[in-house]
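**Student:** Next come the chains, spelled out residue by residue.
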Amino acid sequence: MSPALPEGDAAPDDGRLPPSAFEGVSDRTFGVYLHVPFCTVRCGYCDFNTYTATELGGGASQNAYADTALKEIALAAQVLPPRAVQTVFVGGGTPTVLSVPDLSRMLAGVRDAWGFADDIEVTTEANPDSVTPQSLQALADAGFTRVSFGMQSAVPHVLATLERTHDPRRIPDVVRWARDAGLAVSLDLIYGTPGESVDDWRTSVETALDTGVDHVSAYALVVEAGTRMAVQVRRGELELPDGDDQATKYELADDLFESAGLHWYEVSNWSRTPQTACRHNLAYWRGDDWWGIGPGAHSHVGGVRWWNVKHPRAYADRLDRGLSPAAGRETVTGESAVLERLMLGVRLSTGLPLDVLPAGARRGVAGLIADGLVDGSAALGRDAAVPRLVLTRRGRLLADAVVRSLAG
Amino acid sequence: MSPIPGAAASSRIHPAATPPELLRNFCIIAHIDHGKSTLADRMLQLTGVVDARAMRAQYLDRMDIERERGITIKSQAVRMPWGVGEDAFALNMIDTPGHVDFTYEVSRSLAACEGAVLLVDAAQGIEAQTLANLYLALDNDLTIIPVLNKIDLPAAQPEKYAEELAKLIGGDPEDCLRVSGKTGAGVTELLDRIVELVPPPTGDADAPARAMIFDSVYDTYRGVVTYVRVVDGNLNPREKIVMMSTRATHELLEIGVISPEPVPTKGLGVGEVGYLITGVKDVRQSKVGDTVTNSSKPAAEALGGYSDPKPMVFSGLYPIDGTDYPVLRDALDKLKLNDAALNYEPETSVALGFGFRVGFLGLLHLEIVRERLEREFDLDLISTAPNVVYEVTLEDKSIVTVTNPSEFPSGKIGAVNEPMVKGTILAPSEFIGAIMELCQTKRGELQGMDYLSEERVELRYVLPMAEIVFDFFDQLKSKTRGYASLDYERIGDQEADLVKVDILLQGETVDAFSAIVHKDKAYAYGVMMTAKLKDLIPRQQFEVPIQAAIGARIIARETIRAIRKDVLAKCYGGDITRKRKLLEKQKEGKKRMKTIGRVDVPQEAFIAALSSEPAGSAGGKDAKKK
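Just so you know, the sequences run in chain order A and B.
Reminder that position 126 of the first sequence reads as 126 in the numbering used here, one-by-one numbering, no gaps.
Reminder that position 458 of the second sequence reads as 458 in the numbering used here, one-by-one numbering, no gaps.
Check the hints yourself; a few may be wrong.
Some, not all, of what chain A presents toward chain B, calculated at C-beta under 10 Å [stated by the list, open to error]:
| no. | residue |
| --- | --- |
| 1 | Ile190 |
| 2 | His263 |
| 3 | Val267 |
These are calculated hints, taken from the structure and not from any lab test.
Keep in mind the model is a prediction, meaning the values are calculated, not measured.
Backbone N, C-alpha and C fix where the C-beta goes; we use that ideal spot for every residue, glycine too.
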């Protein structure tokens, strides 16, 4: 079960946006997220909006899905005037359960709707066991520039607890194949799985680094309500991940990444150079615009956030009837907008210019520096022209607490 | 003739015109659940005062809380006609409160009577409080009529307990009446015996009026209703009366008897029991124990036995929601109208904000007041751990009275005196060891021990009152599987080696947690409190030391380690809204916390830390992972 959708205002049937969404459009980049709500198996910890049945009926079936998604792209094109798409990210689910021609058609749909920027970044998530040298080459040929593999761990018992089915020994191979095809590569890791020792985690990080990738994401495992893993924890079969243990592993990973030349640019993301960072990911934290295509997908354009109906069947039905699949939306203003800016901005290594903080929050910065949560020299503007709020490593691990204290 | 007198006989017992020899004033002394109210109900029915249809269970207990708890807080007096042979008598039943906190009120109720029904559950035997009240009644020279109640119960052992009662008050076990308030068995005989054995009141009808106030109740519509027993002379409507303790003069707007609703009469004569209404709005203007006399022909001397109610236990009451402070103030002002023993003054706590330091007669009084505040005024309250009053003599011989641990002087101290009580514990003899052990740990000194029967024993202790007010009664109950009963009375002060233990969070004293304890127990208190708080306070962004200290000396320490991780790993599919709403919710949660220095302490932590439960049991449900 994926998390419930937020509560919001009703969204209009034609998906039209208020004029305010188009103000200052030139200051923001534009990206497209394409959701693929299918997997061959569902992992016990996963609470993403994904389904393992191939036949959900009608336009929600796997082989009809690309056409359904194209209908939403067409609707989006009616709402948003042409503006160059800078990034596309295909996520899931497991995007690679769709055929390359299907993925390729969806991508072409996006290009036809708005046009691509010259340096466009096009990423797809992929399962290490669902790619071949040929399929990766086909993706590159279709216009993909980047692939993010769900490696999660290099340790068999950890993968077993996560119910991941891939063979960890394939990782060096798939990375090589992708690079041979000309794709930039990222590896996704998960830490804090029940039963994972610090040494297990070290093994995973080192294995990832040994492939020589330029980008790694490392996420703390969260046991979400409604997942199979939550049931196992409730029954006492698995132990709830421990925050202190996760903090230790975060610090270890950060050390190992740094010494391998990968630097943090977002709380959970490390990259070799600013150019190898995931620009699509950055856009989320910078408050840029993106349109999320697919059931349960979230979008943001100029302070308006909306989200689609969750089930592929309901999603397809609405599009079949020519209606926007949006389930609800909100226009973020006032205090909420300030809070968002804070919570998104502090996650980045570039931080937030201090002068965007409300006066009350600025007064709290000194205390956060004293507590070792905020980088003092960045706040004084020593490293850059503008004084910025940048978190220390301890601050990154306590980012939510920092935001709460700044938001008062 | 029928026990309910006919018209001719009734004409002789009109209020204001009843010869004293036809009056019988009595009360019922009983333990909380020994069936006093049920028996009283049955008497009201048999004397025709209340018909069966109008009968509401436990008619005399008016307040909800009383009915739910099955206890009587406020006494009342009901006049019942009863015929024996050709004669009609007027019986005044004066209901007495049954709990240790109200000893003074009990003593005044007893002083209004000539006889007492000693009512004991035939399945349980006498309890400590009943025994204490029995001794009070004997001190007042009352005629005691022993009665075993609930003889309809299969577990009743009337022979055994009749034996026990006979031992206590003398006489033959056969004289002990056996009744069932529930079925009515034996109640007619009891009423007859009251007429037979309780002496009629005596007094000087021609002397200046003197009436003793044995209760006073605030009524929203009528103001204060004062219950009196006339000793000498008579009181009449429309005359001016004087309260002898304050010399305050009031006009008697109404005078009457309760039967069982108020009935105005032409007056009240010698020996009669009834009520007065003067229009005053505060029970403090009509104090229990005071003497009422006639303004134009005042008595020279008041009746004896009056004393001002003195609070013995203090506790801070704070609204959980700080904006409720004015509501709490108004609520206390209202309760005070009906509770002469309640006193309070505003108090500020660094930890808890604005509240009141409230003085109570005892723990039950505290509990009742708190419950009424929460129930009748819809307040959520935190009450600090109850404490007694200490007299601290400083080096310069000046004396400081401490009703709040935070007022305990910090400098050089000459001596500290604490209030002591004489405690009486009745229990099955198998628990003697457990009780002695408990009293030992509570600094008790055994004064004596008597067997009431082969299986039941009375233990007499002198104990510091401070040890009683915290959790003594709960511990006594649990160590004796609920069989022991306790009564205590104040017996003056005693010097003791007492210290104030402060609790510090990150070096800041949290006033709400300070306690005055015996030197030998300071360490245990410090260890207990710091451990409890460690479990209750969530981890913060920094390490939080929790210390217990006597003055500048640290006696116990725990550390709440800094939280290391408080960040959401990612936003699911760009669901920024969900994450923002989560943060907004957390921000709201933070507002409901009290900040001590820089430490955010949830309200629940205060409540749990101030309750007497052992550490761990309070926050057990979502105990933090170590």
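**Student:** So, for every hint listed, does it hold in this structure?
**Tutor:** Quick rundown of the hints versus the structure:
1. Ile190: Holds: closest Cβ of chain B sits about 9 Å from A/Ile190, inside 10 Å.
2. His263: Constraint on A/His263 not satisfied, violated at 18 Å.
3. Val267: With Cβ-Cβ at 6 Å, under 10 Å, it holds.
Figure legend: structure checked against the earlier numbered hints; the only hint not met is number 2.
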